[in-house]
Amino acid sequence: MNKNLKEKLIFSLFGAVTALVVLVTVAILVFIIFRGIGQISWDFISKAPENGMMEGGIFPAIMGTLLLITGSCVLAFPIGVLSGIFMNEYAHENAFKRIVTMMTSNLAGIPSIVFGLFGLALFVNFFKMGVSLMAGCCTLAILVLPVIIRTTEEALKQIDDTYRFSGYALGTSKFKTVFGIILPMAMPNIITGLILSIGRVAGETAPIIFTVAAYYLSEISFSLQSPVMALPYHLYVMATSGIDLEKSRSIAFGTALILMSIVLIMNLLVGGVKRFYSK
Amino acid sequence: MTFQKVKEKLIESIIYCSGTFTTLLVIFIIVFLFKEGSGLFNKKPVEEGYALAVNRFNRVSKLTPAQIKGIIEGDITNWSQVGGNYDSIYTFNLSDVESKFTQEELGDEFEHLNEKIAEYIESNTGVFAFFPEKYLDSSLTQIEVDKITLSSMLKGKEWYPTANPAAQLGVLPIILGSLWVTFGAILLALPLGLIVAIYLAEICGDNLKNIIKSVIELLAGIPSVVYGFFGLVIIVPLVQQTFNLPVGETALSGSILLALISLPTIISLSEDAISSTPQDLKNASLALGANKLQTIFRVSLPYASSGIISASILGVGRAFGETMAVLMVTGNAAIIPSGFFEPVRTITATIAAELGEAASGSIHYEALFILGAILFVFTFCINLIAEFFSHK
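Line by line, the protein sequences give chains X and A. Per this note's numbering, the first sequence starts with residue 1, numbered consecutively. Per this note's numbering, the second sequence starts with residue 1, numbered consecutively.
Misleading hints may appear alongside valid ones.
[Said to hold, decoys possible] Okay, derived cross-link-like pairs now, DSS-like style, lysine-lysine, Cα gap no bigger than 30 Å in a straight line: (1) Lys282(A) with Lys6(X); (2) Lys157(A) with Lys128(X); (3) Lys147(A) with Lys157(A).
[Stated by the list, open to error] Cβ-Cβ distance ranges computed for the label pairs, FRET-style: (4) Gly38(X) with Pro132(A): 54 to 62 Å; (5) Leu268(X) with Val6(A): 38 to 46 Å; (6) Cys381(A) with His92(X): 25 to 33 Å; (7) Ile33(X) with Ala333(A): 54 to 62 Å.
Hint data in this document are derived by calculation from the structure and do not stem from the laboratory. Bear in mind the structure is a predicted one, so any value in this text is a computation, not a measurement. Note that beta-carbon positions come from the ideal geometry of N, C-alpha and C, so glycine has one too.
Generate coordinates for the entire structure from the input sequences, incorporating the hints supplied.
Shown next, in the form of structure tokens:
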């Protein structure tokens, strides 16, 4: 019975470690929610920062982040979904496809600060966009591109080949088969991937510091040529600012909670989309 | 009918173009990083437009940036320390001009300035002069400074890219800082992550597994700046109090935080790998009288080993490239790390903290792009290795 005793011991140890890890990670969530919830009020989400950013709300930062999400998704979704379709439906199994696959996964692994450098060099300096919404959207679009390609590809891969062959057997062209049969079937999974990539865009800080983020703006500008405030950068600024720790910390907690709720809402949406389509 | 076909062909060619887009993009990123940084290697680490001059009898004709910094800061006080005659060093620059010469000597329009500077340099054997090039007579003996090279950067131990007159571009402490923090993070995250993955894949029931997996996926989506903020508020003071340190912003704080950040990656990928072990193999092992524990360690883990290795390497990559969290909790001191209780500075944090201040095209700016290129090469290799293992 010795080996079964050992098994029991090790299994309970593993269980304890798992419980600990889950507890610690959940503690982060709970901590931010707990400390941030007191800060949230209508004024906090609808007013501009006041009094050297130590009072008032974070409305410009929320708007800035929403603008960045919209802009980068408009740029990245079409290219990403089309590349995903290419990878799974059109590319042949050859060296070229292997290279593209390798490059896509490498693009996904590039640290976000490198995108910041690239965005600064290419969009801000080379294309002379300056520190602007346009430059920030382009940088973030490149950052989420591999995520979108990967999810589209995975979603298409799950569709059984019999559907493709049935399409061909009925005499439809490849184009019609892909866009009329395969793509609609894969849609729920593609959409969930897109929603998750929105969460990713919302939270990225390093790529936007040098391409778009403004330290403080009192008004919201919708121009593509001007910088905007953004939630993650605002959180960074408030968290590391040394002036009046108590006030800046409470604003930071509020900002962190708003930022995190965007990610949480996206995750809930994913669950909603899955349930809607499975009906 | 034909119009329809043209439309289809058109959209299909757009699809082909998009397919190649990412490949071009990655190549573009590489080219741009190196293009922006490569200007550095044609430059000298001395501030642009400035030159260094010495007395004609001085045997020293070449100095390294580190030696120049030593002289300016008073660490090197005699020419014999840098291979010259036994003669103490006087530094001489623009701010000394007024105290050394009268207004009359210099002339109303400073028309005699060059002359006077040359005179002073030639009459003092130990002088070390640092002036804008236009004030130095061409007859003076100028000190040569080696051009910046990649190997001098990689070997250099000091990082003061804005130091005057000679920028110190040693990236060794920064690279070691990154490796050190990542190493600590992996030491913490790997055993924990593997245990959780094994527990989820083999031990606990499906319901619990689904709940925990969705929580972990949720955590993977939390922005790193939120993690960084959490680290700043909780981990930093905790580390400081527990180990009784003067500051809590240490390599240890960074490692703990990075471990938390890379745990979701390691857990969910290794769980997938372990779950992919065919049930037949496990049943066969159980039928031979092995218990569940033995089956896990002798059958499932060896079967999943390449997937687990690939997951761990991707976790390393995630930790190595993490920016905001380490910027906020590691203290950012550019010194070669010697323990976990000291501040360190990583590649990512250096770029994030300094790029805003560096003027486009300056030595500092280009040096940061070279750092970015180094970071890129590191992560590129990490990804290639991970890919190699995942296809094995």
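Comparing the hints with the structure gives:
A distance of roughly 19 Å separates the Cα atoms of Lys282(A) and Lys6(X); the hinted pair therefore holds under the 30 Å criterion. Of the supplied pair hints, the one linking Lys157(A) and Lys128(X) is violated, its CA atoms being roughly 36 Å apart against a limit of 30 Å. Restraint check for Lys147(A) and Lys157(A): satisfied, since their Cα atoms lie roughly 17 Å apart, inside the 30 Å limit. Hint check: Gly38(X) to Pro132(A), Cβ distance near 58 Å, so the stated range 54 to 62 Å holds.
With their beta carbons about 43 Å apart, Leu268(X) and Val6(A) fall inside the hinted range of 38 to 46 Å. The hinted window of 25 to 33 Å between Cys381(A) and His92(X) holds, with their beta carbons roughly 28 Å apart. Distance hint check: the CB atoms of Ile33(X) and Ala333(A) are about 34 Å apart, inconsistent with the given range 54 to 62 Å.
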